Structure formats: C-alpha cells, structure tokens
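A.B. asks: As a plain string of letters, each chain reads:
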Amino acid sequence: MNLPALISKRPPAYFYASLNVLRRSLSQAADEERIEIPKRIHRGPTDILKALEKTISRDPTAAHYKYHDDPYLIPMSNIGKRTFAMAQESGRKSAHWIRKEHADLFNHKEADPAIPSFFPKLVYNENSQVTIEDLTKAIEEHRVQDAQFIYNLLKKSEQEVNDKLKQMLLELVCYFNCDDSIDEEFIEERWFKQSSNLKDRMRKTWKDGSFAEELFQSVTNPTADTYSAIIQGMNKYFQADRAWKLFEESQAKGLVLTTDAYNSLIRVTNFLKESADKRLDFITNILSDMNKCGVAPNLGTLNAVLHSLSSMGSNRSAREFLMGLLSEFRTLGIEPSLGSWYYVMITFYKERSPPTTVLYEIMNQIKDKEHSIRDLSDTNFFVTAMDVCRNHLNDVELAKRINDLLHYGDNYNLIGDSFKESIYYRHYVILMVANTPLEEFMRDIYDLLVPNIYIPEPGVMNEILKQIELNGIVEYLPKIWSDMVSFDHANRENLVDYVVDIMIENPQPENPSLTEHFSKIAWDIYKRIEEQNVRKIGKISATGGKYGKMMALLLRNNDFEQGCKIMEKLDKEHQTIPGVPRLEDLELFIDHCIENKMPSRAIACIQYCSDSGFAECGALASKLNEKLTLDESHLQKLFKIVGDLKLSDKISQEQNESK
Amino acid sequence: MSLIKYSCNYSLFKHVLQNNTIQKNSTRFLQTSSVCLKNQAGRYRITPKGDFPLTYEMANPPHRIAHRKAWNSWNTSNLDGGVRSAETAVEDMFIRKFVTGTWHNLFASEVIIKRQHNIIRIAGIITRGLSPRKMYFLIGYTEELLGFWLQCPVKMELQTIADRKDIVFKYI
Chain A
3 MNLPALISKR PPAYFYASLN VLRRSLSQAA DEERIEIPKR IHRGPTDILK ALEKTISRDP
63 TAAHYKYHDD PYLIPMSNIG KRTFAMAQES GRKSAHWIRK EHADLFNHKE ADPAIPSFFP
123 KLVYNENSQV TIEDLTKAIE EHRVQDAQFI YNLLKKSEQE VNDKLKQMLL ELVCYFNCDD
183 SIDEEFIEER WFKQSSNLKD RMRKTWKDGS FAEELFQSVT NPTADTYSAI IQGMNKYFQA
243 DRAWKLFEES QAKGLVLTTD AYNSLIRVTN FLKESADKRL DFITNILSDM NKCGVAPNLG
303 TLNAVLHSLS SMGSNRSARE FLMGLLSEFR TLGIEPSLGS WYYVMITFYK ERSPPTTVLY
363 EIMNQIKDKE HSIRDLSDTN FFVTAMDVCR NHLNDVELAK RINDLLHYGD NYNLIGDSFK
423 ESIYYRHYVI LMVANTPLEE FMRDIYDLLV PNIYIPEPGV MNEILKQIEL NGIVEYLPKI
483 WSDMVSFDHA NRENLVDYVV DIMIENPQPE NPSLTEHFSK IAWDIYKRIE EQNVRKIGKI
543 SATGGKYGKM MALLLRNNDF EQGCKIMEKL DKEHQTIPGV PRLEDLELFI DHCIENKMPS
603 RAIACIQYCS DSGFAECGAL ASKLNEKLTL DESHLQKLFK IVGDLKLSDK ISQEQNESK
Chain V
-4 MSLIKYSCNY SLFKHVLQNN TIQKNSTRFL QTSSVCLKNQ AGRYRITPKG DFPLTYEMAN
56 PPHRIAHRKA WNSWNTSNLD GGVRSAETAV EDMFIRKFVT GTWHNLFASE VIIKRQHNII
116 RIAGIITRGL SPRKMYFLIG YTEELLGFWL QCPVKMELQT IADRKDIVFK YI
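Line order of the protein sequences matches chains A and V. According to the working numbering, the stretch in the first sequence is residues 3 to 661, in order. According to the working numbering, the stretch in the second sequence is residues -4 to 167, in order.
No false leads were mixed into what you were given.
Listed next, the stretches of chain A that the computed footprint assigns to chain V, with coverage defined by at least 3 CB atoms under 8 Å from CB atoms of chain V: (1) 70 to 81; (2) 88 to 94.
Keeping only pairs whose Cα atoms sit at most 30 Å apart, straight-line, the calculated DSSO-like set for lysine-lysine is: (3) 123/A <-> 129/V; (4) 150/V <-> 56/A; (5) 95/A <-> 129/V; (6) 95/A <-> 109/V; (7) 129/V <-> 529/A; (8) 95/A <-> 92/V; (9) 111/A <-> 150/V; (10) 129/V <-> 68/A; (11) 195/A <-> 129/V.
Restraint ranges, calculated between C-beta atoms of paired labels, are given here: (12) 65/V <-> 73/A: 21 to 29 Å; (13) 412/A <-> 129/V: 32 to 40 Å; (14) 109/V <-> 359/A: 54 to 62 Å.
Please keep in mind that the hints were generated in silico from the structure rather than gathered at the bench. These numbers come from a predicted model, not from an experiment. Even for Gly, the Cβ is constructed at its ideal location relative to N, Cα and C.
Could you put together the complete structure from these sequences and hints?
C.D. replies: Have a look at this one:
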C-alpha cells in the first residue's frame, strides 16, 4: 500500500461535515443536556435467571425438559407422558419415605448455611415438648395437621395461645378443611391431578365438628375476623346452611365481616336459594348489605357474583344482571380477571343457546397483554374460550387469536393443568383440521404440536382421518399410521378399520412407493391382529371383510406370498372368521394366481367362494380355465365345485348380456 | 518471581553437584533383580482368545487422560484455591457406590460426576434392562436421596443403549 499517498490525500468533504456535527453535539451536551445516571434497580437473587429464562421459548421439536433426552426415555403416548413423570415423582416419594424412616441418619450438616428442606421433617408425638414458636412455624409453613397437633399439646401443657395466633390457626384450618394439601414439592402430581371432577367440586366436603369448629368455639370473644374465617371455610367446602346461620349470628352482634367472607356467601347462593329470581334478590341484598356496612368490593366479589350467575341456567335476567354488574365494577375501577371472563362465557354460551359475539368483545379487551393469575378460576379461561370457539362459533381466526394470546409472554402459565391443556389442544386441533386446508394443517399445526406438546386422542385422530378421506390426500397416511402405532391407537378397532377403508378406496397405481407403504401398513395390521392376546378385552375383531381388504392391499403391491398367507388363513378358519371378503378382493386374488401361474391356489379360492355362497364362482372358474391351461386333476376339481364349466360359461355370458 | 528463579538455579546447582559426585566415585551399578516399576493400574491385559470387550474408556490407559479421554470426576476442588478436596473425593466414591448399587447391573460405562456451583450432575450410559417407567422411578429416587445426603441439587444425565455391544470399542 502506498502510505504517503494516502496521507497526502485530502480528506473528503463529508469528513468535515461529520466533524462539525460532532463538535456541535458535544457543545450542546455540555450546555443543555446533562447525562442522567439512572437510579439503581434493585434485583432479586433470581432475577437474572428469570431474564435468561425469558430468552428461551418452548422448543416443539424436543420433549418437555422434565423427561430424559434419550430415545428410550422420551414418552410417545399420553399414557407414557403421564406414567413417566409420575414414576419419577414416585421415586422421589420413596426417597422421602427413606428419609422419614431413617431420620437419624439425615441430620448431618453439609450445606452452609443449612438448608432446612433437606432435613427430615419434624415428627411430633404425645410427649413432645412444644412451644408457641413451634406453632407459629407450623402455621407459617402450612403444616395443617402438625399445627393442630401442636395446638392440642400446648393446650394440654396449659400454655396460653394468644388470640392473634389462634386467629391465624383458625384461618389455616378453615382454608385447608383441617387436611394437609399435596406437598408443593410434588409438582407432577399437582399437574396430572384430575381437577375437573365436578362431583367432588360441588359437594359438601366440610368436616362437621372438626378441629376448626372446636377452635372457633374455644374463642371466648369472637371478633369479625373469627366469624369471617369460619364462614369462609364452611362456604369453601359448601357447608352453606351453617355458614349462613353463623353470618346471621354475627350480624345480630353487629360485627362487620371482611369482603372475602361476603364473597364466599355470594359464591354459595345456589345452595341457599332455589329459583333464579330468589338467587338474584339474595345477591342484590348481600351487595347492598356490603354497601351499608362500608365493605369495599374487590375482584373476588365480582367473580363470586359471576360464578353464581353462571350456574343459574339460561336465564335472561341473569344476563342483564351480569351486564349491569360489569359496568358497575368498571366504574369502581376493578379490572375483571380472566376468571371473570370465563364466568361470562359460560353464562352466555350454554348448550343450545343462540350464538352471541361476546367472546369477540372479550378478546378485544384482553388481547396482546400479559396476564397474571389473580383468581383461582383464571386457569379455566383458555380451555373454555377454545371450547366456545369450536362448539359455538366455529371460527378459525378467533381460535388463532386465542392461541396467540396463550403464547404471549408468560400467559402459558394460565393453562391450568395437564387435563385442561389436553382439552384445549383437542378443541384447537379439531377446529383447525376441519376448517383449514389439510396441507396447511399438517404443516403448521400437526407437525408443530405432535407429539411433544400434544398427542391426539383417538377421537381427534378420527377427525384427522376423516379429513384425509374427504380430501383424498392419502400421502399423509403412512405418517399418520406410524404416529398411531406410537400413540397406542393401533389397537382401536374403529381407527384401524378407517385406515384400511381409506387405503382400499384410494388405490395409487401411479404412485408405486405409496402402494408399497399401503401394503406394509396392511401387513402390519394383519400381524397385529394375529399376535394379539386371545384373552385381551378390547381387541380388534378379525372379520373376513377386513382380511379381504388387507389381502387386496398386499396384492396391489404384488406381495403375492403375503396375500396367499391371508387367503390360506381365510380358507382354514372359514368356520370361525365372521363375514366374508368382498368379491372383488377374491377376484383380484385369482387374477394374481393366474399371473403367477398358481392354479391350485386359485382353485382353493374358488372353492372358498363357492362355500361362501358367491354365485359368481362359475364365472371365476371359467376365467381361470381360459387364462391358464389346466391339467386333468385341476379340471376335475373345478368341475366338482362349479359343475359344468361350459354351462357356467354360458350362464355368465347370459348374465353379462342381461347387464 | 526472583524467588522462583533462585530456587530453579539452586536445584540445577544441586543436580550438577550430584552428578559430579557420581563421576568422582566412578562406580557402576548392575541391576540383578527384575524390573518392578511397571505401570499396571487402569490397563487391561490381552486375553489368549482376544475376545475381551473394552469400551473406549477402558481401551485408553490413564496417561491418555486429557488427551484421548477425559476425567471421571469433574470439579475444581483440586485446583489452586479449591476447597473440600478430601470431602469431594469421598463423596464421589459414595455416589459411585450408590449409583452402581441402585442401578444394579445397568451401568455400561463409568459413572461420571460433574460438579458446577452447588449442582452435582451424574452422567453415564445404561443398558435398557428395565422398562422406561422403572428407570424414571430410579432417576427420581437417586436424585432425591443423593440430594438429601449431599444437600445440594443432584441431576442424572443418562443415555441408554439397546445392547452392551454398542459401546465396545475393541476386543483384546
């Protein structure tokens, strides 16, 4: 490089221009703007982890990270997903059991500072020396049973428990109905637990005469908080009548209960009052009571009222009430949560109710926002929205919007549990498969979701097969079949029959590789039927029609040997196999016999036709006679089956003419 | 720095001095016994039939560590300023005994123990001798119980093989 030349070259004009800009901006900064150092933002110990976590989204090509990343250990069916995760949790539980049984061995202090959750849990017995601190700790850690036990021990040793602690204990036992809940450590159990057991949800489960009531009675001067706690507990577990009595008692004493206590009363309206009008009156009364006492309503109030309205049946007055309620709460500045919208949806979208556009309006309010959980019912929103979208509105665009909202920010946390998640995807997939072009569905939805995020249930698979049949796009069939095998659907009779029917009705003479695939699937199904356990309950029935179709599929790919095996099976077990194959399948077999010069097999087939009562066996026999030169013994056999060959020839000709 | 230089020079000096004395004595030693300092640990002898299977790990003798193969324990306790070196060694031994016993006859490789911060990761290759469900049970059990014992998060990182022959590197 010529360095002196480069230096002597005059810098271009823009160089000076940019220098001027720089000079000006520097002087400006000095004159007017002062650099403002932002205030330090205090970070928590896990904030950086959360920030890192935000950079990673769910990878649909990999199994969930709770499973081991190994082909043998990745679950391939819904049952697998459940059992693998639960098995791991079960292993963890046995470790907990070992620790409990040998508590003396696990008291060493390895970590510094000591981490209490690694140590064995404290066990209290009749002779334990307990203090007030133990009780406080048990309450703080939500150890419900322990707290009750410690309280009784304290009472026995005549130690005074102050009123504040008593109140805390009462609130704890009322909330948990005197029982321990599932340990928060066992997240899989919580995830897979069937939460939507309706029977369990709407039934009185409050333990009458339990510790909570004893504790309530032992409070000498019950305050508003004491009453609130017991009323809330009873209402939570649907002991509505007694809660109402206690409420009246407290009102007689002139106590002002908490908002949550009022909310719980509204929530059990349907247990207290019978008809819709009475219920509405009851709610209005309670709300005006609250107003009189100066108790400010909150989101819980809104959701409680909506909950009661939603279970009133399709009632016009309930809907009008709901509209008024929403606007009133809006003026109060209470933003409805997703749970509120869930109740609105189930009020408006009942079975056989006229279609409304409520969900569109709801979506306009909540779209493109990150939602956090504010009410227990919030987790019901997405699954119900998708349900409405499929069963009432049948709107693909709306479904996409709901799905986008679910994947916005951390909204996926609101999906609820595994049960709700699978129902959500069931609705989504069925809606999409029926209303989008199949290629688009397979590319954008099936390949994305299946199998790591969602595994289609048999019913959904049926829908997908239906679309394949309707569109005649059978290229997907080999893929779908291999998925069905791994999802444990290959033993579902209706699905297997459906696959066979689709294959038989869509011959692919110009696509040999697909024909080969079909033949492989047919042979696979045949093998599965052969190998299934005789004593198994829901096994695939082996009918002659199905065998015939499978044979035809094999023959289309010129798998003559395998076709023969099926024909032999049909022939040998003619008495036990119900039904007979279609004639065209048998004809195809005879054609292939002729092609392969196997007259004895063809004659066996004709014998089978005759035994099965097909009138056309004469025609088949003459066809065989024409195409192949048969020897004497073969001819004799044929003669035995159909009688005079020439005669039958004539008959068939006449038949053709008459056709 | 200067201290190191000095000590280097000093040892060199001593070495020269010793060599000088040997030369001065001008004595020769003759070794009559057989050589006993042969390295044997971590090596496998060739069998007469030559059918003893070796994994890659077994096929490489210890002096190949860091060249052709890596360590079985990964931690920083033996580095300059590292802490708990003795405890780490004992704990690793405990983990190995526990894992090989709990996963009876399943481990086809060495148990690799990797420590990062407060996390212990236990890696290895296992055969598919159990159903996946039972394996998940053992994973949960091992992770949790070792966690209680060592009082830190423990994770298993397993890979399965269909056949023990899959990891045979050579036969000797």
